[in-house]
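Add chain B to chain A, keeping to what the hints say.
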Amino acid sequence: AQSVTQLGSHVSVSEGALVLLRCNYSSSVPPYLFWYVQYPNQGLQLLLKYTTGATLVKGINGFEAEFKKSETSFHLTKPSAHMSDAAEYFCAVTWMDSSYKLIFGSGTRLLVRP
Amino acid sequence: NAGVTQTPKFRVLKTGQSMTLLCAQDMNHEYMYWYRQDPGMGLRLIHYSVGEGTTAKGEVPDGYNVSRLKKQNFLLGLESAAPSQTSVYFCASSLSGNEQFFGPGTRLTVL
Chain A
21 AQSVTQLGSH VSVSEGALVL LRCNYSSSVP PYLFWYVQYP NQGLQLLLKY TTGATLVKGI
81 NGFEAEFKKS ETSFHLTKPS AHMSDAAEYF CAVTWMDSSY KLIFGSGTRL LVRP
Chain B
667 NAGVTQTPKF RVLKTGQSMT LLCAQDMNHE YMYWYRQDPG MGLRLIHYSV GEGTTAKGEV
727 PDGYNVSRLK KQNFLLGLES AAPSQTSVYF CASSLSGNEQ FFGPGTRLTV L
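Protein chains in written order, with our numbering: chain A, 21 to 134; chain B, 667 to 777.
Isolated chain A, as found in the complex (with noise of 0.2 Å):
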């Protein structure tokens, strides 16, 4: 069965820092991966996603991810934090020939520090 898990509920960073979110999935077949965010009171927003190609997707706001096959990672990069990137981000795979149901982490809040 599909699975993705978020390692670290909470992440802190000062501004300025590099922003590292983990996600690791579980997947028999290709899948297609995706980060969202959430701004407190909101829908979810794409940041960005891998579907096929370049394993190196890069998204809004400065954000980038590795699809890495041989770890089923996809973690979520920035290179220097704002203190507007605060907020919930949430991993999630789908894959084909499953009505593009997504499956998503539990997600990680990111604090940054002034």
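Keep in mind the hints are simulated off the structure, nothing from the lab. Treat the hints with caution; some may be incorrect.
What the hints assert, rightly or not - DSS-like cross-link-like pairs, simulated, lysine-lysine; straight-line CA separation at most 30 Å:
id	chain 1	residue 1	chain 2	residue 2
1	B	LYS675	A	LYS69
2	B	LYS680	B	LYS723
3	A	LYS69	B	LYS737
Just chain B, lined up with the frame of chain A:
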């Protein structure tokens, strides 16, 4: 182009009452989904639809029913609300597997 909209934004129910949540999308998407979000659990799929007139169960379907009579609308019904259904409900739509677009959510409290 409004994207995905949800009605209502907030609702408080008493145990045993019923209600319907409405999701509408104006992007001509085939796929639509209902999720619930609970603290520490991410989003979990309740029901989904791959086209007008079709519905299917997701991960946590018990206590909910859905209908997709029109392509642009996806209704989620609670026939007899329970406190365990207190949650934030999100609707999403998708043209294909490339991206799901989410609505702003409905915060439901069942007393």
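Restraint status (C-alpha distance of A:LYS69 to B:LYS737 at most 30 Å): 26 Å, holds
- Query: Does A:LYS69 lie within 30 Å of B:LYS675 when you go C-alpha to C-alpha?
  - Reply: Within the cut-off at roughly 28 Å; holds.
B:LYS680 paired with B:LYS723 [C-alpha distance capped at 30 Å]:
25 Å, holds
In this structure, none of the earlier numbered hints is contradicted; all agree with it.
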